[in-house]
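Asker: Place chains C and F on chain X using the hints.
Single-letter residue listing:
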Amino acid sequence: MAMNIKDIYKGLDIPADIFRDKVVKSIYAHAEETAKDVIIRENKRVDWDKKLDDFLTSPLTGFPVMLLLLGIIFWLTIAGANVPSGILSDLFFGIEDKLSALVLNAGLPAWFHGLFIQGAYRTLAWVVSVMLPPMAIFFPLFTLLEDLGYLPRVAFNLDRVFKACGTHGKQVLTMCMGFGCNAAGVISCRIIDSPREKLIAVLTNNFVPCNGRFPTLIAIAMIFMGGALVLEKSTMLATIAVIGMILIGITATLLVSLFLSKTLLRGIPSTFTLEIPPFRKPQVGKVIVRSIFDRTIFVLFRAMTVAAPAGIIIWLAANVYVGNTSILAAAAAFLDPFARAIGLDGFILMAFILGLPANEIVLPILIMAYLSTGAMVELDSIEEMGNLFLNHGWTWLTALCTMLFSLLHYPCGTTLLTIAKETKSIKWTLTAFLLPTTVAVLVCFCVAQTVRILGLV
Amino acid sequence: MKMFEIQPGEYARVRSLEAEGNIRRRLLDLGLVPGTLVQNIRRSPLGDPTLYAIRGAMIALRKEEAGLVNVDKEER
Amino acid sequence: MGLTNQSSGINVLRERFNVKSNLEQPVIALAGNPNTGKSTVFNALTGLNQHTGNWPGKTVLQAQGTFSYKGVEYRLVDLPGTYSLLANSAEEEVARDFIYFGNPDVTVVVGDATCLERNLNLVYQIMEITPKWIFCLNLMDEAKRKKVYINIEKLSEKLGIPVIPTVARKEEGLTDLKEAIAGMVRGELTTRPRLVRYDREIEEALDYLVPRLSSVIGERYNLRWLALKLLDGDQQIINHLQAQFSN
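Residue numbers (this note's numbering), protein chains in the order written: chain X, 1 to 457; chain C, 1001 to 1076; chain F, 2001 to 2247.
Treat the hints with care, as some may be off.
As the list claims (entries may be wrong) - Under the rule of at most 25 angstroms between Cα atoms (straight-line distance), these lysine-lysine pairs were calculated in the DSS-like manner: (1) F:2070 x F:2170; (2) X:50 x F:2144; (3) X:25 x C:1002; (4) F:2146 x X:25; (5) F:2144 x X:51; (6) F:2147 x X:36; (7) X:25 x C:1063; (8) F:2146 x X:50; (9) F:2146 x F:2170.
What the hints assert, rightly or not - If you want a taste of the chain C side facing chain F, the calculated C-beta under 7 angstroms gives, among others: (10) 1029; (11) 1055; (12) 1056; (13) 1057.
Hints are computed from structural coordinates only; laboratory data are not their basis. These figures come from a predicted structure and were not determined experimentally. Yeah, the Cβ is synthetic: ideal placement off N, Cα and C, and Gly gets one too.
In isolation and in its complexed conformation, chain X is listed as follows (with noise of 0.2 angstroms):
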């Protein structure tokens, strides 16, 4: 039965636009009725929703309250997290202890012992000791803002800003998923409607720090900027210097954003649309639930299944001997004079290429390939990893380069293998990689060279 659809309605000549207008004011007059025959509403004498927006959204306290509010939260995350980690750390090399004494009497082989106790089972404890507290008090508090609707209005906020770039208001929304983890903020870019801001917000969700390597920032931060001084006031310090990177991230993001727009993505900004959803009285309790096994359990699931195998290849290197240097010596040796360049060293510049597969896991091998024995000891305090790594010769250029690699380098594997599946394209996927490595080494570079030749350190 042949035919063409297109004969049926040859005849008839409503131009599409018009017809269109004529169907959607026909909707909309009849939601209007509708909603005026079923709604009764009563004037309420104040209106706290509208106070409270006039608060966060307003010239004068919106971007202070802003500030504030994440002040608060990193403060909480890293406050909180210092003593349930230890907690942790000591329940695990307890644990570790026991295994140990169950391993050699069973009469197994050192090798064994080494690659799954000392390899395997000392990077799990450690991703898990260290990641767990900060994730576990970071996803609640910011679900609850997630809850409440106030994202939406921090793209409300912000917009003017990114439509100066060259992208979208929505693009704030990706980079708070962004914080949680790089791979659900690629995803969250799907909210973008054109291609083209999409793949700016895509290709530059990596400079938010994720919650992979917010405990890497914290713990640089903690040992350089606050080690001096008391507890109280080093957490403070840290604070200050985690929020500094993330505004340094922020400015990345815009850089980089208006960087593509005039160069690879040019185009007019697109049309801009957004819904500003009414406040929500968030579930407390249900907040916590969720966000503890949708986010927190999960993203430490993803971290743990990459650090036993990494483990494992981390001892066999540190622990496999060409000549009288084992293979991570000399594979740091070989990558030392271009880390010293960009204010790394040989071995922070492997483990970060070791950590690819989850940034989680960079500091953990720096630790273990810093310690002679080649394995990871306990380290049950901040200030014995802080010993490990002046012992090692850090400054604090040292901390704060590798503080700028995390936050600039690339994605870590899981994030860019999402880029390759959101964007269909290997071209973007590459971008993706090479972009902020470029930007992390530059970055790193200029601020090593400034600082030397200044005679800072």
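Answerer: Using the frame of chain X, we list chains C and F on its own:
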């Protein structure tokens, strides 16, 4: 006048749209059909975009989009 | 004419949307604006019996789950949250195509009681596609807090559709919702949708088109909606039909 010219707190009624194609569809979909009452709720701290009350929803529009909507000011 | 057996045809179409169900398992679609608590309704109904993926060929999240009520297992498909089905974003396309071509046994539209008028835009558009739907008016507690009262009976009467008030996060009204779904699946709960009447010119064009489409396509699809899409110059639907009925 254009929709972005209404000042915070003021009301206006939509007269016509100057947009075409996809943008027109989007604006219509928000309920910006002729005769619709809109209110400027506030401007963003940086002056743009502006938040409007449109048919019971709060919608932020940039100057570029709000400039495509012709409105008549309405005293309330 | 391609598909002769109606029910197996529907299943083939559903599988194209990655929705697999046997004939005994009714398929329920969940539509609605963003921020209406749609996913809360979805979670409250399905609990842990859910999984997520992508809609075939699209980077749009698809969530499916199952729930049982009075001995019957239902498959619930969460459609992307949209304000409309007219503008062409990937989300709106997916939601619209599934409601039309996937032919769910019941479509539940979740609405926000605090801004009903805004939600009615989508409601009237969905009403045009399918008569088998229920309006789940969520966030009734928020509306009360904002001193907005809605006459549910009158709304139901004006739409010609069952309206179920809920507070999904406190699990209020969900049993009523399940009862309504079950009733509609069994054919006991019927609707008499009060469709939007358009301008005379458009209604005349529709009267002209519908019988002509019927002679080619048969009565299997909602022809009034199809005619609306043709008048709208919706190239995607035209191609779709062309592909399905040309040979």
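Asker: Compare the distance between the alpha carbons of residue 2146 of chain F and residue 50 of chain X with 25 angstroms, and conclude whether the hinted pair is satisfied.
Answerer: holds (11 angstroms)
Asker: Hey, does the residue 1056 of chain C contact hint survive, CB to chain F under 7 angstroms?
Answerer: holds (4 angstroms)
Asker: Let me know if the C-beta of residue 1057 of chain C comes in closer than 7 angstroms to any C-beta of chain F, holds or violated.
Answerer: Since chain F brings a Cβ to about 4 angstroms from residue 1057 of chain C, closer than 7 angstroms, the hint holds.
Asker: Do the alpha carbons of residue 2146 of chain F and residue 25 of chain X lie within 25 angstroms of each other, as the hint requires?
Answerer: violated (28 angstroms)
Asker: Are the Cα atoms of residue 2144 of chain F and residue 51 of chain X separated by 25 angstroms or less?
Answerer: holds (18 angstroms)
Asker: Holds or violated: are the alpha carbons of residue 25 of chain X and residue 1063 of chain C at most 25 angstroms from each other?
Answerer: Since the Cα atoms of residue 25 of chain X and residue 1063 of chain C sit roughly 24 angstroms apart, the hinted pair holds (cutoff 25 angstroms).
Asker: Straight-line Cα separation of residue 25 of chain X and residue 1002 of chain C no greater than 25 angstroms?
Answerer: Judged against 25 angstroms, a Cα distance of about 20 angstroms means the pair holds.
Asker: Run the distance test for residue 2146 of chain F versus residue 2170 of chain F: straight-line Cα separation, threshold 25 angstroms.
Answerer: OK: residue 2146 of chain F and residue 2170 of chain F at ~18 angstroms, within 25 angstroms.
Asker: With chain F as the partner, please determine if residue 1055 of chain C meets the hint condition of a C-beta pair closer than 7 angstroms.
Answerer: Since the shortest Cβ distance to chain F is 5 angstroms, the answer is holds.
Asker: Has the given pair, residue 50 of chain X with residue 2144 of chain F, been kept, meaning a C-alpha gap of at most 25 angstroms?
Answerer: Holds, at about 16 angstroms.
Asker: Sort out whether residue 36 of chain X lies within 25 angstroms of residue 2147 of chain F, counting only the CA atoms.
Answerer: Holds. Residue 2147 of chain F to residue 36 of chain X sits at ~15 angstroms (cutoff 25 angstroms).
Asker: Would the hint on residue 1029 of chain C be counted as holding, given a Cβ-Cβ threshold of 7 angstroms to chain F?
Answerer: Hint on residue 1029 of chain C: holds, closest Cβ of chain F at ~4 angstroms, below 7 angstroms.
When the structure is compared with the earlier hints, a violation turns up for hint 4 alone.
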